[in-house]
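J.: Please model the complete structure; the sequences and the hints are all you need to start from.
One-letter residues, chain by chain:
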Amino acid sequence: MRAQGMVTQYAFFVNSDACSGCKTCQVACCDAHDIPASTAPWREVIEVVAGGWTQKGALWSSNVTAYNLSVACHHCADFVCARGCQGDAIWKRHDGIVLIDDIRCTRCRKCEADCPYGAIHWDSLTNREQKCDFCADDIDNGGAPACVTACPNRALDFGELSELRARYGKTQHVHPLPDPSISDPSLVIKPHRHAGVGTDPAARLGPSPSPFPV
Amino acid sequence: MQRRAFGEQVVRAGCVLPAITGNVGIPGGWAGGMGFQAPAGGPLWNVFPAGDNPVKASIPTFLWTEAVVRGTTLGPEHGLRGAARLDSNIKLIYSVASNIAINQHANINRTAGILQDEKLVECLIVQDNFLTPSARFADLVLPACTQFETWGLEDGWKYGDEVFLMPKIVEPPGEARSDYRICADVAERLGVGRAFTEGRTERDWVEWSLGEMRRQRYPDLPTLAQFEAGNTGVHARPVTTPAIAFADFRTDPTAHPLQTPSGRIEIFSTRLHALNRPAEMPAVPKYLQEWESPFGPEARRFPLQVIGHHTFARAHSTFEGVGWLENAFPHGVFINPADAAARGLENGQLVRVFNARGEIRLPCRVTVRIMPGVVAIPQGAWWTPSQQRVDTRGSVNVLTSERWTPFAFGNAQHTVMAEVKRA
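Protein sequences, first through last, are from chains A and B. In this text, residue positions in the first sequence follow numbering that gives the first Met the number 0: the first is 0, and each later residue adds one. In this text, residue positions in the second sequence follow numbering that gives the first Met the number 0: the first is 0, and each later residue adds one.
Possibly wrong hints are sitting among the right ones.
Said to hold, decoys possible - Facing chain B, according to a computed beta carbon distance under 10 Å, are these residues of chain A, among others:
1. Ala17
2. Ser19
3. Lys22
4. Ala36
5. Pro40
6. Gln54
7. Gly56
8. Leu98
9. Ile102
10. Cys104
11. Thr105
12. His174
Said to hold, decoys possible - Simulated coverage check for chain B against chain A, where a stretch passes if three residues somewhere in it have a Cβ under 8 Å from a Cβ of chain A:
13. 326-332
14. 361-374
Stated by the list, open to error - Sample of chain A residues at the chain B side, in silico, Cβ under 10 Å:
15. Asp30
16. Ile34
17. Pro35
18. Ser37
19. Ala39
20. Glu46
21. Val48
22. Ala49
23. Gly50
24. Trp59
25. Ala65
26. Ala145
27. Thr148
28. Tyr167
29. Gln171
In short, the hints are calculated from the structure, not lab data. Ideal Cβ positions, reconstructed from N, Cα and C, are used throughout, including at glycine.
T.: Spelled out as structure tokens, the structure:
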């Protein structure tokens, strides 16, 4: 969605109800930013599974449901990743995009733990902190983030936060994302029709302890 | 569903259901077969001159290894058509854009043994973009370029009417050449070069085909020059009035009889009844216990059913080895938490999946997304055998059986029993 007026806070819209979990956004991001396969992707699609199986005689029945959430740096209004930054390297542009200044970065790596979404990744090949930069170079040239352009289901959108909210609503949270009051993420979500409601304060996204979601 | 031991039954049952509920010949009903939506043939429509093959004998694709080991003994009971007998067993295979010679055919260890016997297939030629497990068995590997490195054209092969221009974007790398150029050079050495190419390059054929399509079917189809000038990728004529199979039969069954002996819907098939093979092809579709089944004696050793589902990470075995895709969809066997707990397995742990035909090793993904008693292995992973013939990558076809379905001679690669243990 092209912004109508001046942008003070760029944001992503994620339609979890339309997401098939194909992860084209994740791979398109890796492609656009030449992220090596050995490094964590900046955008990740997480799979949320609920329900289980019950047996009655020889018959198994299930209420299993699953949905997908495409998550990256949410360029939060209150970008708590910068709080502990020793080099004052994390800054916000006039249009709300949060960037890491690699020259100022002291490699203290506190931001990785401070981001409630686990969206900042250490790249051991280059010794740098890496995260979604909203494809700022493309944005500045009138383009769009690679993930939004690539989504075959058109489940992603971007634009000025107030305009996205006017169009898609104000939902900022869905299970299992962390409490949005921590950082006020610039994020609008259309939850999947089977998504549970309510905030799980214990939930924290981050590098998966194992390669598979349970 | 149909790629199972008695897959014919599922397909027939699917046709019978709308018949007994009165839903044949209406929008959203089903009558079986493919719903060809485009008028005048749709997917079967082709302007490209395919020539006339003087060899009329054909065998079911899935029985190709049978034709290698005992081709001359095959008959109509094995699906042989166009000849009473084959003159010889298969001695030469020219495999283009296919990983079927090893990876995608059932029972890889058996197939590998067949291909390693030089007295059987004496020459295997594989023409592909990648050095696949099949190409590793080839006597001759012909590197073909991708669709981005030559000219191509795709017509509306699916449900609508579209023409896709596939322009050449970059030059082919190294020695790679287009499939067309390779075939043209083979044709020239066989003395039929001119008849094959008619003097045209790939781009010439695209231009020629656009002209034929315009003449036969799409009067408003742009020329190649217009396609290029307008940067047009797709010329689409969306289907506005979808075809409804058997609508005419529903309206007037007498005037539009079906191709059955009675001209009517036959839930009880008199022709199948006449076959007198009720154990394999009953006259009315029904459940038949499969040759490998949780209810058979084999389940004592191999209690878990295996299905080889399609994964987002690959198109069959294509795109294997792409790191970004492997990160997105790590290869692993799906197993229910109940089955995992019974075997002491934790999510992400390396496991052995095995039966009498072979063994693979791969991580397990413990998830309720798969039913208890069933495990799922994304099909298409490249066979990577150890010295002991254990597949260290995890191709499901190490476990599958070469036995074919009784009536359609189709593959039954989802009828597999196996056991999973900690590696």
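J.: Could you run down the list of hints and mark each one as holding or not?
T.: Quick rundown of the hints versus the structure:
A distance limit of 10 Å between C-beta atoms decides the matter here; for Ala17 (chain A) the minimum to chain B is near 16 Å, and the interface restraint is violated. For Ser19 (chain A), the suggested interface contact is upheld, since its CB lies about 8 Å from the closest CB of chain B, less than 10 Å. Of the supplied interface hints, the one on Lys22 (chain A) holds, with its beta-carbon coming within about 4 Å of a beta-carbon of chain B, less than 10 Å. Residue-level restraint check for Ala36 (chain A) holds (minimum Cβ-Cβ distance to chain B is 3 Å; threshold 10 Å).
Checking Pro40 (chain A) against chain B by beta carbon gives a least distance of about 6 Å; that is within 10 Å, so the hint holds. Against a cut-off of 10 Å between C-beta atoms, the interface hint on Gln54 (chain A) holds, since the closest Cβ of chain B lies about 7 Å away. Because the closest C-beta pair between Gly56 (chain A) and chain B is about 14 Å apart, greater than 10 Å, the hint is violated. Interface hint at Leu98 (chain A): violated, since its Cβ lies 23 Å from the closest Cβ of chain B, which is beyond the 10 Å cut-off.
Residue-level restraint check for Ile102 (chain A) is violated (minimum Cβ-Cβ distance to chain B is 28 Å; threshold 10 Å). Among the interface hints, the one on Cys104 (chain A) is violated; its C-beta lies about 25 Å from the nearest C-beta in chain B, farther than the 10 Å criterion. Given the 10 Å rule on beta carbons, the hint for Thr105 (chain A) is violated: about 29 Å separates it from the nearest Cβ of chain B. The interface hint given for His174 (chain A) is violated, since its Cβ lies 16 Å from the closest Cβ of chain B, which is over the 10 Å cut-off.
Judged by the Cβ-Cβ criterion of 8 Å, the segment 326-332 of chain B is covered by chain A as claimed, because 5 of its residues qualify and three suffice. Check result for the segment 361-374 of chain B against chain A: holds, 9 residues qualifying (beta carbon to beta carbon below 8 Å, three or more required). Checking Asp30 (chain A) against chain B: minimum C-beta separation of about 7 Å stays under 10 Å; hint holds. Look at Ile34 (chain A): its Cβ gets to within about 8 Å of chain B, closer than 10 Å, so that hint holds up.
Residue-level restraint check for Pro35 (chain A) holds (minimum Cβ-Cβ distance to chain B is 8 Å; threshold 10 Å). Interface restraint check: Ser37 (chain A) against chain B, minimum CB-CB distance 8 Å, threshold 10 Å, status holds. Interface restraint check for Ala39 (chain A): the shortest CB-CB distance to chain B comes to about 8 Å, inside 10 Å, so the restraint holds. Given hint, Glu46 (chain A) at the interface with chain B, holds; its Cβ is 9 Å from that chain's nearest Cβ, closer than 10 Å.
At about 6 Å, the closest approach between the beta carbon of Val48 (chain A) and any beta carbon in chain B falls short of 10 Å, and the interface hint on this residue holds. A distance limit of 10 Å between C-beta atoms decides the matter here; for Ala49 (chain A) the minimum to chain B is near 8 Å, and the interface restraint holds. Proximity of Gly50 (chain A) to chain B holds as hinted, the smallest CB-CB distance being about 6 Å (cut-off 10 Å). Interface restraint check for Trp59 (chain A): the shortest CB-CB distance to chain B comes to about 6 Å, inside 10 Å, so the restraint holds.
About 6 Å separates the beta-carbon of Ala65 (chain A) from the nearest beta-carbon of chain B, less than 10 Å, and the hint is met. With a cut of 10 Å, the hint placing Ala145 (chain A) at the interface with chain B is violated, because the nearest CB-to-CB distance is about 13 Å. Because the closest C-beta pair between Thr148 (chain A) and chain B is about 15 Å apart, greater than 10 Å, the hint is violated. The restraint placing Tyr167 (chain A) at the interface with chain B is violated, with a minimum CB-CB distance near 26 Å, outside the 10 Å limit.
Hint status for Gln171 (chain A) relative to chain B: violated, with the closest Cβ pair at about 26 Å, above 10 Å.
Checked against the numbered hints above, the structure violates hints 1, 7, 8, 9, 10, 11, 12, 26, 27, 28, 29; every other hint is satisfied.
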